[in-house]
Amino acid sequence: MTSTDVTTPALDLSHIDLHYGYVRALADIDFHVMPGEVVGLLGDNGAGKSTLLKVMSGAHRPSEGTIRVHGKEVSFHSPSDASEAGIQMVYQDLALVDAQDISTNLNIGREILRKGPLGWLGFVDTKAMRKRAESELDRLGVRTAPMTRPTEMLSGGQRQVVAVARSAIRVSGDANGVLLLDEPTAALGYEQTKLVEGLIRRMADQGIAIVIVTHNLPLCHEVADRVVILNRGRKVADVPMRGTDPDHIVGWITGARPSMFEDRAS
Amino acid sequence: MSTPVSDSASRGAPSSAAAADTVVPTGHDMPRGVAALVFLRDRGIFILWLLLILVFSFWCAPYFFTWSNAMLIANAAALTAIFAAGVGLGVMSGVLDLSLPGTAAFCACLTGWLAVNKGVSLWIAVPIALVCGALVGVVNGLISLQGFNPIIVTIGTLSVLTGLASVITGGLTIPGLDGLTFMGTRRYFGVPAPVYIVAALYLVGTIFLTRTRDGIRFMAVGGNAEAVRRSGIHSDRYKVMGFVISGICAAIGGLVATAITTEANPDASPAIIFSALTAVALAGVAMSGGRGSLPRVLVGALILATIANGLIIRGVQTYWATVITGVLLLASLGLERFIQKSVSDRLMATSNLSVHQKKV
Ligand SMILES: Nc1ncnc2c1ncn2[C@@H]1O[C@H](COP(=O)(O)OP(=O)(O)OP(=O)(O)O)[C@@H](O)[C@H]1O
Ligand SMILES: [Mg+2]
Chain A
1 MTSTDVTTPA LDLSHIDLHY GYVRALADID FHVMPGEVVG LLGDNGAGKS
51 TLLKVMSGAH RPSEGTIRVH GKEVSFHSPS DASEAGIQMV YQDLALVDAQ
101 DISTNLNIGR EILRKGPLGW LGFVDTKAMR KRAESELDRL GVRTAPMTRP
151 TEMLSGGQRQ VVAVARSAIR VSGDANGVLL LDEPTAALGY EQTKLVEGLI
201 RRMADQGIAI VIVTHNLPLC HEVADRVVIL NRGRKVADVP MRGTDPDHIV
251 GWITGARPSM FEDRAS
Chain B
1 MSTPVSDSAS RGAPSSAAAA DTVVPTGHDM PRGVAALVFL RDRGIFILWL
51 LLILVFSFWC APYFFTWSNA MLIANAAALT AIFAAGVGLG VMSGVLDLSL
101 PGTAAFCACL TGWLAVNKGV SLWIAVPIAL VCGALVGVVN GLISLQGFNP
151 IIVTIGTLSV LTGLASVITG GLTIPGLDGL TFMGTRRYFG VPAPVYIVAA
201 LYLVGTIFLT RTRDGIRFMA VGGNAEAVRR SGIHSDRYKV MGFVISGICA
251 AIGGLVATAI TTEANPDASP AIIFSALTAV ALAGVAMSGG RGSLPRVLVG
301 ALILATIANG LIIRGVQTYW ATVITGVLLL ASLGLERFIQ KSVSDRLMAT
351 SNLSVHQKKV
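These protein sequences, in sequence, are chains A and B. The first sequence begins at 1 in UniProt numbering and counts up one residue at a time. The second sequence begins at 1 in UniProt numbering and counts up one residue at a time.
The set of hints was computed from the structure by calculation and includes no laboratory data. The C-beta atom is built at its ideal place from N, Cα and C for all residues, glycine as well. Mixed in with the good hints, there may be bad ones.
[Said to hold, decoys possible] EDC-like cross-link-like pairs, simulated, lysine to aspartate or glutamate; straight-line CA separation at most 20 Å:
#	chain 1	residue 1	chain 2	residue 2
1	B	K341	A	D98
2	A	K115	B	D214
3	A	K127	B	D214
4	B	K341	A	E152
[Stated by the list, open to error] Computed beta-carbon distance windows for the label pairs:
#	chain 1	residue 1	chain 2	residue 2	range
5	A	G21	B	S269	49 to 57 Å
6	B	A286	A	D44	33 to 41 Å
7	A	W120	B	A70	35 to 43 Å
8	A	G141	B	R32	26 to 34 Å
9	A	K115	B	D42	27 to 35 Å
10	B	R187	A	K127	40 to 48 Å
Here chain B stands alone, though its shape is the one from the complex (with noise of 0.2 Å):
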């Protein structure tokens, strides 16, 4: 219906008829094929785990299909996809928090201590290493707030937090933690315990995001700090949330990983920090902030996993299984490209109110 007034509007000349006040586009005037583009850009990721699990469920019948390796994919997945929710909602709300490793190991040796070498109940010594990953998000933030660069600032406090960690520990790894794996290897429902984990981080978190004022700004002031100042919001505030967030699911990710194998172990793993922004980059979360979604997120963690493990169950080396990864993430920027271009070329040709149709 809107349709034939913005190609009347395309095609004609500027006539009085254009006048502004009159065209008032009724709600659906999006072209289809940017709308089909958009869809793809926003849900592609999704086709793209279905398209995954299609293929390993054939070639890797009938071990690929079946709850239990389903509960192992989840399982394997996990522990990525906690610091994947930390390095993606720190990115969406513009700040990339590399000290992640860091925040997970100090909290988790924290924890540790306090509870071998202390004696201090689980349920306190938990909720602390939580509270202290919150902390150092609040001093990477008030750091990155003085104007210096947040990559910079948290190698910094990657380096003093996995130093600090070795320092509680005294170097070694604290063992004996058995009283986590309520929340490391045991199950429930047959559903381990890390799967409950992600599983409500995720959803906490997308509700906050996309339902509540806090998370909508969080995300506003990722695209764009000072839209966000000028609407006379303190943007500063939910900069400081972005880390404060971030070091939280660190801390979550650094007790599920003690809970996992009993001990607090003070070597910060880089690594898994690369596999998480993998993850994230994976779901179209772009670098510069202000976009993405958490469940894209969650896909993204979902892929490496489903990945490595079909082509386990096929006794292919595991190399390539990074190999592959790093092939679709290259080709998903190609794609998130092409999709852009097409996108804005559409909109120009179409738009009924574009200063740019007059440049032809």
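For reference, chain A alone in the conformation it holds in the complex (with noise of 0.2 Å):
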């Protein structure tokens, strides 16, 4: 696949804490991912995973316990901080700029400029911006609508999947990315949960390191190559996705199923 160092995990969290107020969110969670792998985080409403996936991605910072990514001790101050660092999340809430096209949503923030003194005074490319979206995008195996067609006159899932590449893009050609999904099929039917799979398992072969959470247990079975279980803001279970009996799963998730970490637990 590709050369990165596949021992050293891609991000690597540890003992992490998380108060909101009076609401410990996050109890001494222990996660990791490695480049190229596949991690499903599941549990139930309220179980903590959007949280720790935003302690991940830089937009909440933890109480207490460390990050790592690829080795390395990290502190981020903010989403910005982390996607630097090439972790990209994709938010639950879908964040496209409604009344520009598929091109500008997927070119903001890294916008092709002229060549010439109108490219000094900031005049964009728009020809080659949308030129390269609809590459990234096929090279995605995810074209689903002309370039320059507003994401208001997409339906729900080419509006999610356009979402999801956008982030996916960013990370892509970049084999120690982290990509981090929260709920990316929440809206979508077949047909566009099957392309949204393919996109993921297509950006862990290329060796990124994704992160996806789920209430879809069908998905995970189909990408996750290992899932993670939160219950009520304690990691309970930490297991290979292949030969893990799903009922085992549903029993983690709803509590009705003991920690394989009882003895941690404080």
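With the hints as a guide, bring both chains together as one complex.
Following this line, the structure appears as structure tokens:
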């Protein structure tokens, strides 16, 4: 696959604690994801999945614990710190600029300027940007509508694909990249879910580390190499996807099954 | 060519043939009806203006369709157009700046005071007014960034600036600004100076919005600041920029108004912001931001002037112009709603990768 060092986790969190006021949303969480690995993060509503993902993306600072990116300890003060370290997040609520077309949405923040004096004045090369967006979507295998279509004129599924692709493009090519997805298929029908599944697998094959939060167990079966299960802010299981009884997974999610890490509970 | 693909997809069962990767629309997969509706939405105001010109040309013949009358209309529209550019650009970036009349009065009075009372050259006093307009924008922007509602903030600064304008002039107008006629009543090649100013302003603004990186981001911030922020862009900078551009437009407007009358008046005229808003709304600029185009705003201002002009020629009382403008505005709202609904209906019916179609 890639020349990335596959013994060091792309992202490694240890002993993460996070409080929202008096609420302890995360308690002593250890979590890692290897390059090219897809980890499914499961748990019931309010288990702390989104919160943990936000810690990874720099949106929240943990009260306790350390974060390492490819072995190097980091401390994120904002999502842009994390994105500089190669970590991209797709949020639960889609963040597209409705009135703008697909190309603009994919290119914003990394526009191509025209050559020569016009470029110095900040003129953009619209054609080149469309071409690039088109080829990037082609490479991801998710071209769904013409680049000039405003995103408000896309179906919910197409929009979600564009939103996922926008983050995917930013990490793809960067073999050290980490992609965080919060419920990427929440609004999707069968075909779009398949589309996003394929996209996730292809990204992982490029060596990108992927964490995916979802309530969709079949999706997890399709794409995840490993699942980590949270229950009320604690990690209760960390098992390979293949070979694990789905009933056990459901048991850990609902809390019916005791934690794998009982001895560590404080 | 691509139409049959989307047609079959919308009719067909979710067969394996519809496996997403194979459906790659080639470009013009927009249903024809949608293209027409979008055209009407984006260009309707130009058609409306042409219709108005046509009607008045016959109804007010032979006085309406003449060069000199065209110049009258253009000149009458100029001031509204300048303020409409300020309001419009602000709204597109997501801020409604109500302080514009105050900024205009303040900047104009500052220039008048510097030129008349301090003997400062106009070549210095006029640029100072523009810088001042920009500074007012920065202040408005920085206050609004603290999380206060921009409308309330700018009502506050409107009041402060109007007061300050009177403080500068001692509550009186400053007459004798004859040096400004070059941008007021003077004509060049038969065209009044304010028309050139409007043309330049709209040209630069349109190029900025549609061709430059900052312009595109500016517009995107108006549409969804959070999305832009998540792309690693300091969206706050563009919000302040919206106020700054509005402020500069207001300063230009204040100067032109002063140049036309050759006296600086500290009384802000809030009425101007309403005619500017009317032009902006007529142009279909969404008040929620992120949507709109400057050429349409310009035509909006021209429509207001055209109606007033035509009715005056026919000797109809001018308040009828206000009534007609209001009706047009309301009708345009209805039309826009209709277009939006039809477009989404059509798209839903033909979308080849739609989640909606499964709800049927
Ligand atoms: N901003 C906040 N302030 C206070 N408490 C919060 C905040 N955000 C989340 N919480 C609490 O933290 C806990 C974990 O929330 P989180 O959003 O991470 O859950 P989740 O696993 O993503 O759930 P879901 O599946 O519903 O998205 C919940 O008890 C929630 O009420
Ligand atoms: Mg969540």
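Note to self: Flag every earlier hint the structure violates by its number, smallest first.
What the structure shows: none
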